[in-house]
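Participant: Protein chains in written order, with our numbering: chain R, 1 to 408; chain E, 1 to 310.
Because the hints were derived from the structure by calculation, they are not lab data. Beta carbons are placed, not taken as given, at the ideal position from N, Cα and C, and that holds for glycine. Just so you know, not all the hints are guaranteed correct.
What follows is a set of in silico ranges between Cβ atoms, one per label pair, in the way DEER data are often shown [to be verified]: (1) R:A400 x E:T33: 38 to 46 Å; (2) R:W404 x E:W236: 25 to 33 Å; (3) E:R245 x R:R406: 21 to 29 Å; (4) E:W236 x R:R406: 49 to 57 Å; (5) E:E300 x R:L12: 27 to 35 Å; (6) R:A400 x E:W236: 31 to 39 Å; (7) R:L401 x E:A253: 28 to 36 Å; (8) E:A253 x R:L12: 31 to 39 Å; (9) R:A400 x E:R245: 53 to 61 Å; (10) E:S272 x R:G407: 26 to 34 Å.
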Amino acid sequence: MELVAPLALLTLLVPLAVLVLALAPRRPRREATGTLEIWRRAVQGAPTGGSSRRWRPPAWIVVAAAGLVAWSFSLAAPRLEARDAETYVVLVDRRPRMLLELEDGRSRLDAALTAVVELLGERGDARVSWRTPGADAFETRVSDGAPFARLAALPPADRAPDFEAFDERGVVWVTCTAGTLAPLRAGLVTSGGTAVRGFVGVGPDGWTFWDGSGFEVREAPADPGVVALGEGLPELVDAFVRAYAVARGLGVAPMGARSPRLEVTASARGPALREGARVVAGTRPVAVVRGGFALPRGAVGRVVLEAVDGDGTRAALAVADSGRVLVAPCELGELAPEDVALGLGGVFDEALAPDARLVPVAGRRSQGEPVVRAGEPPEPLPSPFPLRAPLAVVAALAFALAAWLRGR
Amino acid sequence: MSDERSIASGRRAPGESRRASTELEGRADVRFTPSLRRRLEAFAARLEFLRRRREGAGLATLTGGGQEWVDLRPYREGDDLRDLDWSLLARSDRPFVRVFQREAAERWAILLDTSASMGVGTEGKLQSAAEVAACWCAVGLERGAEVELLWLDEDEVRARRFTRRTELGAALQTLETCRATGRRGLSALLAEGRLAESGRHVVLGDLLDVEPNRVLGWRERVQDLVVGQWLARVEWSAPADGGRRWTDPETRAELEAPGDASVRARYETELSRWLEGWRAVCGRHRVRYGCFEAGRPFEEAAKVLFGLRG
């Protein structure tokens with residue numbers, strides 16, 4: 001509920017004053033009489049001072065005060081809303097090119113996020129649903145600012161969002177250059193940026209370096225990145241990930257490391273697994289289920305490990321997306337190490353996020369000037385339901401009732 | 001010819017008693033509007049007309065008891081047997097009574113209570129009593145009586161005598177100077193020895209500061225005694241809208257009375273008992289008595305006090 005004229009609530013002082021005056025101990029009215037002696041005889045035996053102690057505000061005053069309260073709220077023009085704000089959907093390009101720096105030291109991603117928050121801020125404190133490949137969508141308010149840290153902590157995405165699939169009102173595309181993007185209904189925010197020299201590819205003899213005009217082969221840099229391991233992983237998966245990291249020259253770090261190449265995390269509990277079900281990696285059986293739970297329904301990513309019952313029922317045990325693998329809290333047994341290595345190794349290679357230092361030449365070239373284009377706003381909110389008239393009716397009824405009570 | 005004299009003194013500090021009656025809501029003054037004067041004259045004329053037709057038991061006292069015999073007329077029920085002409089009855093076997101014209105020297109004393117309690121209520125107890133006093137002045141002067149008006153000014157007894165019919169205006173002006181102030185009331189007026197010179201006493205006030213026997217003590221020494229009592233609306237019935245801190249405007253005494261229905265009922269019972277006491281004792285002594293609510297037309301009270309029927 002919101003108030004169109006909240007200052008009108010100051011009129012609540014009126015019923016407050018009425019009630020305070022009504023509830024205050026009343027001193028009897030002073031009045032002259034010539035028959036004081038007769039009163040003295042009449043009062044004999046009556047409790048002294050009882051007039052002020054026993055006095056209670058008449059019902060009509062209480063009802064009238066309630067009417068005044070309703071009248072005050074009516075003046076404040078309250079209204080009910082189905083939602084409290086519009087919701088925008090922001091699709092964020094998090095490819096490594098977005099991590100390149102601008103001349104002012106900010107990354108292209110940071111500059112674009114700043115611009116989109118400023119754009120949305122013009123329409124009030126709207127809700128923003130942030131969506132990017134390789135991560136679950138999450139929601140913030142415009143007033144919360146851009147989620148720089150949260151997006152920067154994710155592994156770089158290996159692909160851009162599917163912008164064209166979301167050319168709708170209330171959607172904003174965020175990338176570094178407009179290029180061929182031509183949204184009809186969605187908004188577009190680009191960071192722009194000058195050309196940035198650096199590695200553009202990996203060759204058999206080293207990494208290819210682009211210096212702005214030509215290419216040269218340089219020695220591959222050390223520190224190929226880390227794999228971030230979450231808590232509660234099945235032993236099988238945990239052991240395999242560690243072996244995989246060694247084989248690929250990656251380090252292993254706990255969750256929270258900045259820009260890991262791969263995040264392997266345990267999921268929340270989904271449906272319970274049936275013991276003895278076969279665990280399949282791709283088409284290759286790698287283990288059997290000892291217990292635990294499958295992934296919750298709706299887990300996003302490509303299923304890389306699943307449990308298959310005797311009747312053919314399948315339950316996902318692990319899904320992979322750009323830079324992350326989500327694993328169900330399950331217990332596996334009767335391992336076939338070779339099959340596990342073959343089954344999961346390829347999946348992990350596919351899920352491995354790109355090295356942020358490797359950006360194609362197209363991404364390293366100048367991205368032009370920043371673009372900020374507001375698309376169509378989200379669907380309008382349902383009309384707020386005004387409460388002014390109902391409250392005015394309540395106030396009128398209360399006044400009528402008070403008048404009736406007083407006259408009775 | 002009229003004269004005004006200060007008779008007794010029981011002075012308070014100037015302004016004190018006046019303040020007493022004006023602090024609280026009430027009406028302490030007297031005003032005779034032109035329309036009221038016309039009503040007074042009309043009432044006096046009607047009374048004279050009725051007197052000539054000899055209607056109304058109380059009218060007997062307005063004409064009987066005088067010293068100058070003027071006529072005979074048939075006896076009617078209610079006539080004083082002392083006026084019966086026994087010799088004529090013996091001769092004609094028909095009862096006749098003598099009709100007298102009062103001597104010019106007959107005096108009426110009109111006592112008007114102007115104590116502070118007469119200022120209670122917005123309706124004006126003093127105004128109502130003064131209107132009836134004016135009525136008695138008009139009738140008395142019309143009948144050739146010497147009318148003496150007694151009242152209190154700042155607790156000092158004042159008296160003014162009117163002897164001619166043309167002095168009615170002066171009498172009304174005098175009444176208009178009256179203010180409901182001071183602590184002394186009818187008891188001070190009734191203590192005046194000069195009252196012995198009058199054959200008729202008209203006592204007008206709220207009777208709150210005087211006992212019946214004090215008033216009736218004059219009954220055997222005067223030919224006629226009339227007692228009119230006025231109470232304010234707030235005194236007639238206890239207010240139902242909560243308790244009150246009652247203040248006596250004369251003594252400044254205060255009393256907090258709760259607004260309970262039981263207390264209100266006890267008050268009204270006590271008041272009725274007190275008023276009934278006055279009515280009973282006046283009835284026993286053949287004193288015309290009436291109790292009235294202030295603010296009502298003066299004709300209502302005057303009819304009762306002059307003994308008019310209907």
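Participant: Does each hint fit the structure? Answer for all of them.
Facilitator: Hints, verified against the model:
Take A400 (chain R) and T33 (chain E): their Cβ atoms lie about 43 Å apart, and the range 38 to 46 Å holds. Taking the beta carbon of each, W404 (chain R) and W236 (chain E) are about 29 Å apart, inside 25 to 33 Å as hinted. The given range of 21 to 29 Å is respected by R245 (chain E) and R406 (chain R), whose C-beta atoms sit roughly 24 Å from each other. In this structure the supplied range 49 to 57 Å is violated for W236 (chain E) paired with R406 (chain R), their Cβ-Cβ distance being about 24 Å.
A hinted range of 27 to 35 Å for the beta carbons of E300 (chain E) and L12 (chain R) is inconsistent with their spacing of about 53 Å. One distance hint, 31 to 39 Å for the beta-carbon pair A400 (chain R) and W236 (chain E), holds here, with the actual separation near 34 Å. Hint check: L401 (chain R) to A253 (chain E), Cβ distance near 43 Å, so the stated range 28 to 36 Å is violated. Checked against the hint of 31 to 39 Å, the C-beta distance between A253 (chain E) and L12 (chain R) comes to roughly 44 Å, which is inconsistent with it.
Separation of A400 (chain R) from R245 (chain E) is about 35 Å and departs from the stated range, judged on CB atoms against 53 to 61 Å. For the pair S272 (chain E) and G407 (chain R), the beta carbons lie near 30 Å from each other, so the given range of 26 to 34 Å is met.
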